[in-house]
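Engineer: Listed below, chain by chain, are the residues.
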Amino acid sequence: MKRLIYELTESFRIAFAQIRANKLRSVLTALGVIIGIVAVTLMGTAIRGIDTGFNNSLAMLGDDVLYVQKWPWGGVEDWWNYANRPPIRPEDADKLNHIIEQTANSLLEVAVPVSTRGNSVKAGENKVSGVFTIGTTADYGRLISADFSEGRLFNDTEAAGGRSVCVLGFDVAEALFQNRSSIEQIVMIGGHPFTVIGVVAKQGSFLGLFSFDNQAILPLEAFRKYFSVRRGAEIRVKITDKTRVADAREELTGAMRRVRAQLPGERDNFNINEQGAFKAQLDPIKQGIALAGLFITGLSLFVGAIGIMNITFVSVKERTKEIGTRKALGARRRTILLQFLIEAVSICLIGGFVGLGLTYGLVLAVGVAFPAIPVEFSLNLVFISMAVSIATGIVSGFAPAWGASRLDPVVALRYE
Amino acid sequence: MIPSQAPAVSRLTRTSGPLVIDIAGVTKLYEMGEETIHALRGVSVQIHRNEYLAIMGPSGSGKSTLMNMLGCLDTPTAGRYEFNGKNVASMIDDELADIRNREIGFVFQTFNLLPRSTALANVELPLIYAGYAPAERRVRAIRALENVGLGSRLHHKPNELSGGQRQRVAIARALVNSPSIILADEPTGNLDSKTGVEIMALFEQLYEQGHTLIVVTHEEDIARHARRIVRLRDGLIESDSSVY
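Taken in order, these protein sequences are the chains called A and B.
Everything in the first sequence is counted per my numbering, starting at 1 for the first residue and increasing by one.
Everything in the second sequence is counted per my numbering, starting at 1001 for the first residue and increasing by one.
These are computed hints drawn from the structure, not numbers from a lab.
Honestly, I wouldn't trust all of these hints.
[Claimed, not checked] Here are the computed lysine to any residue pairs in the SDA-like style, where the Cα-Cα straight-line distance is at most 25 Å:
| # | chain 1 | residue 1 | chain 2 | residue 2 |
| --- | --- | --- | --- | --- |
| 1 | A | Lys-127 | A | Tyr-226 |
| 2 | A | Lys-2 | B | Glu-1095 |
| 3 | A | Lys-95 | A | Gly-232 |
| 4 | A | Lys-2 | B | Gly-1131 |
| 5 | A | Lys-321 | B | His-1218 |
| 6 | A | Lys-70 | A | Glu-266 |
In isolation and in its complexed conformation, chain B is listed as follows (with noise of 0.2 Å):
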């Protein structure tokens, strides 16, 4: 633990729900050839169940590496991550997968769904992976559509749906499998403003739900929607504050 890195972080932390992320003194170095890169000089956070975080930073403030920690997608080179009282560092990929899989709901900015597949087919993907039989996954999958509104376009394929409603897609697959946290990684980065404002009231909504939402944004704008806002700035966390 680095207390001094990690300025007063239960203090501001709304602790009403349980703790679902716990990461202390984590850092993260990637070797560039003879150069060695400090993505992550020690960074501690505490994110408890049905909060509302944004994480900010300039480029190369270490904001996409504390995010792909976050979603698990990476692990740290030291210090300690546990998700729901799991130890995430030292796991390895298909333990990793499944807690993706169950645990984490991604939304990307470029939406990532498959072209081919129709939008229930995209939703019912980590069901698949979650090994849950067909006639579940349909109405699950369902379920989750209609929950973002988008009950009417199930067969419709990306190419037939505007960028909204293929977000609204991609966070129907983030739901899908109930996850712990949903991790959007410039989730109205391809949208026009109209478009990014109907898909932060949706997140509003699901806040609402009770689900824990962590937005990794560089637009004030949106990270103004968030409950509490992380800054980061040289792979350090700078503030970490909550807004009401």
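If we strip away everything but chain A, and leave its shape as in the complex, we get (with noise of 0.2 Å):
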């Protein structure tokens, strides 16, 4: 055990001793591994980056809610089928809570009414076009899971009331008034006068396509008041138990089906929308690219790893007559062995360690750069690339290193 710990400590100084004489060629060999190892970790934080990215997304759309859209989300193909659905309603929402208050331990908590449209916000100088308008009720706050960066929600009065009053998103409300505060200003949505009463804390963009805070929120009754709601609403169910999202979308299966007094066999007309089954869907396209990114990626690591080869046998051949002195030293076979995949593991963790902080810094670059593109750098990462790049070392070193212990020291002495 010890005799082994001495060769070790004494491969290690030979294989640096070795790659200080050869600078150049270890250089370019690293090189070659250091290319590998930022392509392999530069697409493993973007895959955690894109990952980190679908599951904040996906929480924006909550994982304890349930749309009741006349539309499966992820499209389809028949869609004659759906297109003479009627429209879901806002009042069908109030039959639904009705519902919802009659039924014992219910898995529904509260069925929110939701009417959309994009409209232009302005105030005074400024205007934002294509603020997607959300007409709603007070339960819309029970909902979300964003802060109010400052003011409130429209209350129960207020929203019944159909009063004019409005939360903007975080990115409008600063469109329209800076650093300045926004509560109590007057905006014209659509050409109508609203008083503003808060405003929602940044959330993001949902998979960077729809930005969260890119809206406005009224009162459905003054939405309705102005802007038509012919075209349709949601229906948002919150669910009181997000381990039972099944039980509770087969409850609100029923209860929509009661509402809109569909008969026994006739199929639904209405979709039932949640997260997981949009995940679903996301999860084989994320599988993919993680694939496709780590196995194009992982080729160059490959070319890196038979550069480590072929270095790895041009140092066994040069050193021919070494190893021949080495075994009349009495060195043995394992002592041949681990020095030459020592010297390969050497050059390909020196490699590693570049490569892993080229990869840092361009991750840091990026983020500074472009925030909105995810990017993450975790100590998992850096585990990783150390286990890979030893593995490099030891899969492309193994075959000379083996070869070199294996050498007659008879004919490896008499080599010139």
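Could you use the hints to bring the two separately framed chains together as a complex?
Structural biologist: Laid out in structure tokens, this is it:
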């Protein structure tokens, strides 16, 4: 055991002396590994980033909210079967809430009607176009997880009275009022004046496509007064236990069929959408991206490994006589094998460290330059890339090192 | 045993020390393509502690093969080889490596020092393979280098040393593990004659200290330093005589 430790120490000493003695060669060889490790770790951060992005986006939808809508998420091919469905009406939410109240131990907590449309929002000279305008009830506050950066949501009285008040998304408020407070300011939404009573804190965007901060929330009655609800609405239903989504979904289907007075045997003329289904659709895409990405970047690491193998073969060839001498002095096969393995691993480890450093720098730079791109550098990544470096060194160094350990000392000593 | 091929070995051998090497009827065959080469055709030699022996012979005589055999770098095709009573002929690679490490000190014609390591590190190498702790390695290596007169060159690298000094480092390396025999292959072959004489003087000194020396050479001048000369020809021992 002791002997092994001394041999290992000696091997590391020799390996680093060897790398110092052949600087250019070692740097070029390590470069292959560096590029490989940078590619793989960058891909790793990107995948993690995408994953986090997906999860954050899905969290915005809420993992405890079911969406009653006319259309399913993700698109359909037989659109004609859906087009003739009756629209979802805001009044359906009241009926649903009525049913929920009457049901003992209901898995549903509250149904909230949500009507939407795009509007421009103006305040004085400033104007924001394409703001996602939502008409809803005071119960909307129970659905969203976001905090308010200032003010509050409208209350039941304001909602029922159809008061002209509104809550703005963070970006809208910032664009209109910059650093000033938005509270009690008058904004023109679709040409109608509303008093700002709250601003939702910054939430980010959904999969980078749809910004939750570019919205305005109005009482449903006010929305109805100025804008049409004929196009229909959706009903968001908060559930009490997110571990029982399927049961809640079933209960909601039954309740909704009662609201719609559908006959038994008739197909549902509405859809219940949820985050989980969305996730199920996205996951294979996400995994596909991850697999393809890792495979392609893995190829560059493979090329680096071939470089290591090549240089280790060269090193064994060059030092055949030294191997003979070492064997004459009592080096066992294991000793020689370890020595060349450690040389290969050392170059890979150096490449791994440099590559990791580069990745870290790149991730920081990307984070500063493009905050919207979700990248994430983790301690796991450090361990994984070190493990990958070591594995690369062992795999690529093994064949030449094995050959060296098997050399006949007589032949090796005579080699010039 | 093939007595006719090992003429009067025991009679001529100084038998003062215990037996270290006992080779009897050793043959070695090499396959060279279609041809089979009989490098050794039945060689018997006994070497005792504190002998000073020269192995001579023209090229192709089997001299190198015998040396490789004695140095446990190679095993015989047939015959008996016992080293300190241990049967070497049937040992596997790693066992041979341990014998080489502990029992044999090699001195090569081309010195075979590690070019990027200091004299001290070169001499420490066999001790690493023997499993000595760093502190003890250092003490022993310094002592060995002092013994060959290089106490002031511990941290020089081979390219900072003269040929004679390099060979002294190699000799210190051969001695450091207190081996049973020192096996020198043309130790003065790469040295000028003056330096060669110095190295042979060092060998003489080691012999006086009680070491067992085997020198393989083709130079009569070098062989004359030994107390016993074994001459090989065509894979057989031609003569084995003591010189005083």
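Engineer: State for each hint whether it applies.
Structural biologist: Here's how the hints hold up against the structure:
1. For the hint pairing Lys-127 (chain A) with Tyr-226 (chain A), the CA-to-CA distance comes to about 19 Å; that is within 25 Å, so the pair holds.
2. Between Lys-2 (chain A) and Glu-1095 (chain B) the alpha-carbon distance is near 18 Å, which keeps this suggested pair within the 25 Å criterion.
3. For the hint linking Lys-95 (chain A) to Gly-232 (chain A), the alpha-carbon distance of about 16 Å falls within 25 Å, and the restraint holds.
4. Of the supplied pair hints, the one linking Lys-2 (chain A) and Gly-1131 (chain B) holds, its CA atoms being roughly 6 Å apart against a limit of 25 Å.
5. Between Lys-321 (chain A) and His-1218 (chain B) the CA atoms are separated by roughly 23 Å; this keeps the pair inside 25 Å, and the hint holds.
6. Restraint check: the Cα-Cα separation between Lys-70 (chain A) and Glu-266 (chain A) comes to about 16 Å, which is no more than 25 Å; the hinted pair holds.
Checked against the numbered hints given earlier, the structure satisfies every one of them.
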